[in-house]
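Take these sequences, add in the hints, and give me the full structure.
Read left to right, the sequence shown gives residues 1 to 95 (our numbering).
Some hints here could point you the wrong way.
What the hints assert, rightly or not - Okay, derived cross-link-like pairs now, SDA-like style, lysine to any residue, Cα gap no bigger than 25 Å in a straight line:
| # | residue 1 | residue 2 |
| --- | --- | --- |
| 1 | K72 | I19 |
| 2 | K72 | V82 |
| 3 | K68 | L80 |
| 4 | K64 | I16 |
These aren't lab readings, by the way, just hints derived from the structure by calculation.
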Amino acid sequence: MKKQFQNWTLFFIIGITAIIAGLIASIILMNGSSAPDGLFGMYILFSLIPILLVIIIDRILVWKFGNKNVNKVQFSILLLIVLLWIVRFVVNLII
Numbered sequence: 001m002k003k004q005f006q007n008w009t010l011f012f013i014i015g016i017t018a019i020i021a022g023l024i025a026s027i028i029l030m031n032g033s034s035a036p037d038g039l040f041g042m043y044i045l046f047s048l049i050p051i052l053l054v055i056i057i058d059r060i061l062v063w064k065f066g067n068k069n070v071n072k073v074q075f076s077i078l079l080l081i082v083l084l085w086i087v088r089f090v091v092n093l094i095i
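Structural data, given as structure tokens:
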């Protein structure tokens with residue numbers, strides 16, 4: 001069981017969580033009675049395609065470089081995004 005959890009990365013866990021949440025939300029919306037809700041459910045399903053591509057690319061990179069190197073890069077990307085959010089927040093406060 002320990003070997004099963006060795007190759008998990010940040011984007012893999014976030015991607016699987018997003019796919020599960022998106023599928024549940026889209027099923028609930030598409031079973032609704034209004035047409036806009038059904039269309040939004042379909043929109044959510046189509047938005048899961050890029051997430052699936054990120055997971056596939058993540059698995060290929062883990063296979064090629066190992067999960068420690070891939071996790072370092074993914075945490076760097078995540079920290080860059082958080083830094084950009086903080087900068088945007090500060091700019092919004094100034095303006």
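- Query: Hey, K72 versus V82, does the alpha-carbon distance stay inside 25 Å?
  - Reply: holds (15 Å)
Holds or violated: K72 with I19, Cα cutoff 25 Å?
Status holds; Cα separation ~23 Å.
Holds or violated: K68 with L80, Cα cutoff 25 Å?
Given pair K68, L80 holds - Cα atoms ~19 Å apart, limit 25 Å.
Review point. Are the Cα atoms of K64 and I16 separated by 25 Å or less?
Key: holds (21 Å)
In this structure, none of the earlier numbered hints is contradicted; all agree with it.
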